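Student: One-letter residues, chain by chain:
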Amino acid sequence: MSIAVLRDYLPLFARSALLTVRLGALGILLAVLVGVLCSAAQYFRLPVLQQLSAVYIELSRNTPLLVQLFFLYYGLPKLGIRTDPAVCGVAGLAFLGGSYMAEAFRSGLEAVDRVQLESALSLGLTNAQAMGSVILPQALSISMPALVANVIFLLKETSVFSAVSLMDLMFTAKDLIGLHYNTVESLTLLVVFYLLILLPISILGSLVERRLRYAGSGT
Amino acid sequence: MPDLGLEVLLKGRNLARLLGGLWVALRISLLSVAISIPAGILLGVVMTWKNPVTQALSRLYLEIIRIMPQLVLLFLVFFGTTRVFGWDLSGELSSVIVFTLWGTAEMGDLVRGALVSIPPHQYESAAALGLTERQTFFCVVLPQTVRRLIPLSINLITRMIKTTSLVLMIGVVEVLKVAQQIIEANRMSSPNAAFGVYLTVFMLYFLACWPISLLARRLEELWR
Chain A
0 MSIAVLRDYL PLFARSALLT VRLGALGILL AVLVGVLCSA AQYFRLPVLQ
50 QLSAVYIELS RNTPLLVQLF FLYYGLPKLG IRTDPAVCGV AGLAFLGGSY
100 MAEAFRSGLE AVDRVQLESA LSLGLTNAQA MGSVILPQAL SISMPALVAN
150 VIFLLKETSV FSAVSLMDLM FTAKDLIGLH YNTVESLTLL VVFYLLILLP
200 ISILGSLVER RLRYAGSGT
Chain B
0 MPDLGLEVLL KGRNLARLLG GLWVALRISL LSVAISIPAG ILLGVVMTWK
50 NPVTQALSRL YLEIIRIMPQ LVLLFLVFFG TTRVFGWDLS GELSSVIVFT
100 LWGTAEMGDL VRGALVSIPP HQYESAAALG LTERQTFFCV VLPQTVRRLI
150 PLSINLITRM IKTTSLVLMI GVVEVLKVAQ QIIEANRMSS PNAAFGVYLT
200 VFMLYFLACW PISLLARRLE ELWR
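Order-wise, the sequence lines are chains A and B. Take the first sequence: its position 42, counted from the start at 1, is 41 in numbering that gives the first Met the number 0, and no numbers get skipped. Take the second sequence: its position 62, counted from the start at 1, is 61 in numbering that gives the first Met the number 0, and no numbers get skipped.
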């Protein structure tokens, strides 16, 4: 392994790591939003929306991100819907992640007995108060481990972004291997940068999980 | 009605080729699952041992495999071993190696979780009833563990199938690659083929995974 090569490659990998983090964060935020909407549609049994979100969840959970991205990036332009690779990557991540997030929220909401909602309402709390101070704090605490796992899962999934010509870490690694045959250096930096992204999130995640583990403590 | 490019599939043997590509991906995942499940059961049992050395080693293995994206692992095995050890692994063999390592880690963790989820009072009650250690394991622990594990391992199969789509990136000719070839070959006669063919691939993956997911969910509800 050559130190000089590592030093040369460092800025290239740093730049693509930044892209991975930026698009990943954006995609995850959107995924959380989609997840909240879908689980709300299911929790409140909204007609039509409930069925739509159920279909979406099945479609999204049972197909790989790579195939979803290929369809978004190469398929949709044929119908005149042309998107730029970054938008496509974020949209793909949100499409995939939305269903995982929805399932995480749903399991949290289901774990809180509906009797609690009814009791809160009969005590004179408004709908918003009952959700905000009774149901959601407990549901969130129960969903937290799944949410953290989903965030890490989605960050790892961004590794397929190179397939839609986004210059992420995988793209840079493959490109440099093809250009200079410095395979060992490229792969080392690839692993190091993924660790730099994923390890802090993983540690932070378990801290947050521990902090929020209060649901069910009284039972 | 816009041209969706679906007619390409009916030309020649295109649909059969696409299904053949899907079979390549399924074959890799089924082979990996078949090795991962027994290996993962062993790993899971080892992980419940109180020995600090085996605990540290199995934990390390699990964390290393699980923190890395599977695509990075594929690159490490496919490109890395060629460079470092001079091995010339085919894309398919590299994929099976990576997915087996990954599947073993995931399965091991599931087995460990299922084993430690049996509350200690069950062991004590079994001992109080005069069951030997072997009887406790086979008549008390195992039936409950298996029930908890079967839906989870079925889910692992769908995850494995979805993950095998990545093998495209190390040059294995699977369903997405065949789709690309079909689209390229028919660029002139059906310019919109990309839409129809990728939609078909999407639905093929869905049809491969959905029934398995449904089965897992049914079993989970049945055995809760």
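Everything labelled a hint here was simulated from the structure, so no lab data went into it. Keep in mind that this is a model prediction, so the values were computed, not measured. Be aware that one or more of the hints could be misleading.
[What the hints assert, rightly or not] Within a straight-line C-alpha distance of at most 30 Å, the following computed DSSO-like cross-link-like pairs (lysine-lysine) qualify:
(1) B:Lys10 / B:Lys176
(2) B:Lys10 / A:Lys155
(3) A:Lys155 / A:Lys173
(4) A:Lys173 / B:Lys10
Student: It remains to establish, for every hint, whether it holds in the given structure.
Tutor: Now for the hints, and whether the structure bears them out:
1. Of the pairs offered as hints, the one joining B:Lys10 and B:Lys176 holds, with about 18 Å between alpha carbons and a cut-off of 30 Å not exceeded.
2. Annotation: proposed proximity of B:Lys10 to A:Lys155 is violated, straight-line Cα distance about 38 Å (limit 30 Å).
3. The straight-line distance between the Cα atoms of A:Lys155 and A:Lys173 is roughly 17 Å, inside the 30 Å bound, and the hint therefore holds.
4. Distance check on the hinted pair: A:Lys173 and B:Lys10 sit about 35 Å apart at the alpha-carbon level, beyond 30 Å; violated.
Hints 2, 4, counting from the list given before, are not met by this structure.
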